[in-house]
Amino acid sequence: MPAERRLIFQHIDEVGYTNDIDCYLRYGGYQTLKKAVAQSPEDLREEVKKSGLRGRGGAGFPCGVKWSLVDRKSGKPIYLIVNADESEPGTFKDRYIIHQDPHQLIEGIMISCFANGVKQAYIYIRGEFPKGAQILERAIAEARAKNFVGANILGSDYSCEIYVHRGAGAYICGEETGLIESLEGKRANPRIKPPYFPAVLGLYQCPTIVNNVETMCQVRHVIDMGGEAFSKTGTPGNTGTRIFCVSGQVKRPGYYEFECGKITMGELLYDVCGGPLDGRQFKAVIPGGSSAKVLRFGERFKGKRKLGADMVDYDWGVEDVPMDFDSLAAIGSMGGSGGVIVMDDSVSMVEALANINAFYSHESCGQCTPCREGSLWMKKISSRMVHGAARAEDAALLKSVADQIPGRTICAFGEGCSWPTQSFLIKFKDEFETYYEAKQSRAPEALQLV
Amino acid sequence: MSQTAPSPDLVTVNIDGQEIAVPKGTNVIEAARKLAVDIPHYCYHEKLSVAGNCRMCLIEMGMPAVDPATKAPIIDEATGKQKVNWIPKPVIGCGTNVSPGMHIRTTTPMVKDARESVMEFLLINHPLDCPICDQAGECKLQEQATGYGRGYSRYIEPKNVKPKRTVLGPRVTLDDERCILCSRCIRFSREIAKDDVLGFTERGSYSTLTCFPGRELANNYSLNTVDICPVGALTSTDFRFKMRVWFLKQTNSICTESSVGANTVVWSREGTIYRITPRQNDAVNDTWMTDSGRMLYKEVQAENRLTRPLVRGVAVTADAALDAATELLRSAQPGTVAIVGSGRSSVEEQFLTRKLAEALGDKVGAPVSVVSRVGEGDGLLLSADRNPNLRGALITGLIEALPPTYAPLAALAAAIEAGEVKTVISVGEDLAEAGLSAEQLAKVSVIYLSTHANATSQAAAVVLPTLTVFEKSGSFVNQQFRIQKFAQAVPGPAGAADDLATLSALIAIAGGGRGGPVSDRNAVPNGRVETLWKALAAEVPAFANVTYQEIPDDGLLLDATPYASLPFVEGETLHHKPTTPISPLNERATTSTAA
Amino acid sequence: MNLKPETLQRIDEVITHYPVKRSATLPLLHLIQEDVGYLPEGTAEWVAAKLEIEPINVHGVITFYPMFRQKPIGRRHIRVCRTLSCALTGGYKVCDTLKEEFNAELGEVSPDGEVTIEFVECLASCGSGPVAMVDDELHERLTPEKARELAAQIRAESAIRASAAAASA
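Chains S, W and F, in that order, give the protein sequences. Taking the numbering used here, I'd label the letters of the first sequence as residues -19 to 430. Taking the numbering used here, I'd label the letters of the second sequence as residues 39 to 633. Taking the numbering used here, I'd label the letters of the third sequence as residues 73 to 241.
Honestly, I wouldn't trust all of these hints.
Unchecked claim - Negatives, chain W to chain S, calculated, CB over 12 Å:
| hint | residue |
| --- | --- |
| 1 | Leu48 |
| 2 | Arg253 |
| 3 | Pro405 |
| 4 | Lys481 |
| 5 | Leu612 |
Stated by the list, open to error - Listed below are the simulated EDC-like cross-link pairs for lysine to aspartate or glutamate, each with C-alpha atoms no more than 16 Å apart in a straight line:
| hint | chain 1 | residue 1 | chain 2 | residue 2 |
| --- | --- | --- | --- | --- |
| 6 | F | Lys165 | S | Glu425 |
| 7 | W | Lys127 | S | Glu395 |
| 8 | S | Lys379 | W | Asp151 |
By construction, these hints were calculated from the structure, which means they are not laboratory data. No experiment lies behind these values; they were computed from the predicted model shown. Beta carbons are placed, not taken as given, at the ideal position from N, Cα and C, and that holds for glycine.
With the sequences and hints as input, model every part of the structure.
Pasting the structure below:
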């Protein structure tokens, strides 16, 4: 069994480790920031580029490239927003970082701000973390008192302020332009791109960097280790560590940090998480948050994939798939946010999809037609199948509705809300077509999902 | 590069195989429109910011392929032309600005499928109440359903329930179930009317258009939201359930509310007007007009409409009334007749009014006053000068200087008091309202050409009923010195005669002495504007090369330089910046007469 | 709006965090809700005036974000997670149990005024599901039995508060 390699979660749940600055300093905290401000911002950005660090928010976009797209010639201020609104069902890593190790995040933010000439940063934290917001505010105050945040940090001529901004229960704020709208005090309707690419026309129409919490923490380790050294962790193209959040029907759900690509799905679920509950068998797994396409145990994936610069053949069962961005993309799903949701043979896939569809229809901002109408339609169909009359033709209808959404919406929520239905209907089509029969024999005490 | 840019400000793009050069910054919908390629859309409106939310205008877009290293074009060997890299996903036409060499496809299966999908999504929660919907016949959803509708519904779930028949304001009614959430009305209110009261509440498919509770959509531009609503969600409370739009005849007209001269369409059926809507003129009113201007048609069937000629308050035939006028004018001492002309009269009427003044005078012509109307401009489409055609009066030579903005008939009143004026011909102006006292009116014999009864018609010796702007044709010159034509939408009431005919008759009566175009009082047939334009072109320098027929639908800009130093009262409005200092009199712009 | 002096002070402070006042819309709504318990009538106008925007802009925001509420809730606020991971580990039963315990309808104040129970989307603690928040406190790995204990605890705390209040009165 591969061993965990904890960079970000090094001290999570460690006995005696507390979230105050004294503890953080005892463990060598803010040394990396000191090291950073002694370098030039350009060099720091180059280190991040060299590290191959990919954003941990879902899309896996290279962080160094994201930073290089920022318009530095506009003369307008550059803002940095930390997306701590992580709301992808199945993902819960931010909770631990924010509640137990807030200074690691703040150090990562300050390094990133310094590297990008940012004078003002906001942490947009999801509304469901009221304590997390308090902890962050206290931590920022502590860091300010020690001159790690605020005016002339560490005696330099560089100043940067961080503010905590609370969301209020809208998943769409995880979309970076929706988040920006929300931070501007508006309904979180994502913006059309073009022209509103955050790197050019972001917060207050100024160049803006939006990075995930885990990414910010990774930056601290990139600078700590050096880009070159960091790039050697993980696998080529999938560098660093990845935090997997495992939930659902598995013996030992929870968080686990591994080097990217150094663990397979089978190792994660059987060896690390203890396998299925007693008397059950794994049926399906969603590998990267609930919008990622579902994998069916027993299916096989064959093809060629990119490994660094090379193309290599693969022939995998679900258990064999390495848990990295590129491998999961190669088999038609995604690493996404690292949220692994496990379903065993006791679960009706129709009901599981109805649960997911209820989530996405509730969270659609409603701005653009395909997502607004499609997500609710899918929810209505799947809920009716469970609670009303299910028809054999609903399977084809659901799939068809889902197919009409992705690629046609303002933001990636269109994909996010349709991929579950598309993949469930492809991989468990029979279960949907015969659900009206299966319902007849459904035990009244069976697990309710919707 | 396969394209050759004809000018640095033009960009050549290829749409469905046809090349066209369009100005930089043009979006794909507008570029396609120039090639008569229709890209259906709901949320996009050329005069509003781009929202990109309806997704109906999805098209395929590609860019010429270049070698990433050398930037050299990559040539397709089969065709010998530069390859095009097509983007795998469709993009929105409204939010995509042209760039050199851009390729657009609007007829591919991907585009058709995208449009059909959007149509189906828009219809699943939309009530199918077209039979009772006011928008039927001019509904974009209905129109596109013909091209992209499925023809049957796959939707068996309950439709969303939302508020119906919401009174948004004094003139607009909202049906939220019909709303497709395009946000045009919200953007209009925020961006054009500057009255940010509309917005969405809730979210997702349950999003609901609303006016802030306790506030009203009451601004003077509220009905524009009805015009731009692509569906039947926002309806005009005035027009609601009155008439099917396909029964209505459309006539181009000009709003007479102020010197802006908003271009309009008058919608009528069988002699009755049902509504007025704006007509696009990008140099004047864009696609907008005021609510107040839309209500002016109500004057056509107003209770005080004059439909019979009167002599001393007694209804008579038109001939008898003209006989009475003849007697008055022939018995008048030379030099004792004065004329009150109007900035509301058409160019043609003002020209004949001038002719009448010349015919009445001995050597210098009868004195002419024109009534000014000054109100507060709103900076958009209501200007401070509430006369639609004051510039016409200058150009036609009816007046040489601007009328005083305060007490416009003071000079006339003084002349009456002094006994110098004994007879007054008023061409459409209510003299009492314009400042003549009852005593002053009693001292003169008034020949009054008017559409409506009022204090002046009661005091007048002879009343000659005339037509409203909707019942006749002609032209106005707006604040920009743009001459714009209006056409007769409905016939006038029996008993009212065209102003031009009546003015011609009066000129004949006055003797036609000096240069009158007619000598027979029946010489000008009703409403024949064209016949007058020969004389106008011959006698009015500004019209030397103009024929009525050739004035375009969006008007013709005249040379304003002869009037550049006049202190016009207008401030800035949508497409008008005053070039002369605003009249200091406007500072105390107490409206001498209500507009 | 009858806000505590410290709330007004925090409102003025938080506005300074942003170069554009409107950005303080969500923070102000949070602060008012924490003070009053919900967003009373007049909130949108008050916030709009404070931030120099139009009330409809605030109204649209209040109704967009589910955490803002326009009516009072019970003494305690229970939010049970409904989303997949928690549902897979028994979230629906936990929610039903709590509803039974307090005889409450979702989103409504229970008849005894004790709680308002909401069945909300993902609380981001999927690995320890099913979870529920009681006010700001997270409760993990709930079962129907634990839910009943939680209900008993809530009632016990309420009784202590009530007797303390009676004693001081």
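For each hint, the structure was consulted:
no., hint, in the structure
1, Leu48, "holds, 21 Å"
2, Arg253, "holds, 18 Å"
3, Pro405, "holds, 61 Å"
4, Lys481, "holds, 67 Å"
5, Leu612, "holds, 26 Å"
6, F:Lys165 / S:Glu425, "holds, 10 Å"
7, W:Lys127 / S:Glu395, "holds, 12 Å"
8, S:Lys379 / W:Asp151, "holds, 15 Å"
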